[in-house]
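Number of protein chains: 2
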Amino acid sequence: MEKAVFYHAGCPVCVDAEKMVLDYLDTSKVDVEVVDFNNDASKINEAESAGVKSVPALVLNGQTYHINYGASMEEVKNG
Amino acid sequence: MEKAVFYHAGCPVCVDAEKMVLDYLDTSKVDVEVVDFNNDASKINEAESAGVKSVPALVLNGQTYHINYGASMEEVKNG
Numbered sequence: 001m002e003k004a005v006f007y008h009a010g011c012p013v014c015v016d017a018e019k020m021v022l023d024y025l026d027t028s029k030v031d032v033e034v035v036d037f038n039n040d041a042s043k044i045n046e047a048e049s050a051g052v053k054s055v056p057a058l059v060l061n062g063q064t065y066h067i068n069y070g071a072s073m074e075e076v077k078n079g
Numbered sequence: 001m002e003k004a005v006f007y008h009a010g011c012p013v014c015v016d017a018e019k020m021v022l023d024y025l026d027t028s029k030v031d032v033e034v035v036d037f038n039n040d041a042s043k044i045n046e047a048e049s050a051g052v053k054s055v056p057a058l059v060l061n062g063q064t065y066h067i068n069y070g071a072s073m074e075e076v077k078n079g
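So the sequences go chain by chain: A and B. Going by the UniProt record's numbering, the first residue of the first sequence is number 1, and it counts up by one from there. Going by the UniProt record's numbering, the first residue of the second sequence is number 1, and it counts up by one from there.
By construction, these hints were calculated from the structure, which means they are not laboratory data. Note that the structure is predicted; figures quoted are calculated from it, not measured. Careful: at least some of the hints might be erroneous.
Treat identical chains as interchangeable: a pair holds within one or across any two.
To be verified - With a straight-line cut-off of 25 Å between C-alpha atoms, the simulated BS3-like cross-links for lysine-lysine are:
| no. | residue 1 | residue 2 |
| --- | --- | --- |
| 1 | Lys77 | Lys53 |
| 2 | Lys43 | Lys29 |
| 3 | Lys19 | Lys53 |
| 4 | Lys3 | Lys43 |
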């Protein structure tokens, strides 16, 4: 089972992307953890290390996929 | 079965995104058509009507998801 992390910050674009990821990714192949930086700012470093430049973003199989654009990581860090 | 269309233009970013889409979307829920504008420029209008601004992009369930950034539709049209 592949592990994926979906990072977001609660923005409307994030919510749309989260719905797609949770509704349509194949749960027999991938286990998706959802991280909302509003609830868990400690994951910001982990996300940036994985190459996340903006939210929403999906990290899966060593790749980072920015799905549309809600906010930059700078904006996330500045709250 | 939901119908999705993945639009791309053969760019490296497109290839990475295509692999994720084809490998991890749940094929029991969604049937993905892949359109490469290099092979089918007639689909450019259809894509733009669906809100595609850049490639790669996935149109699914009435929403358009731009996955990372390979090229703008202007660049696609200008070859």
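Legend entry - Hints violated by the structure (numbers, ascending): The structure conflicts with no hint, since it agrees with every one listed earlier.
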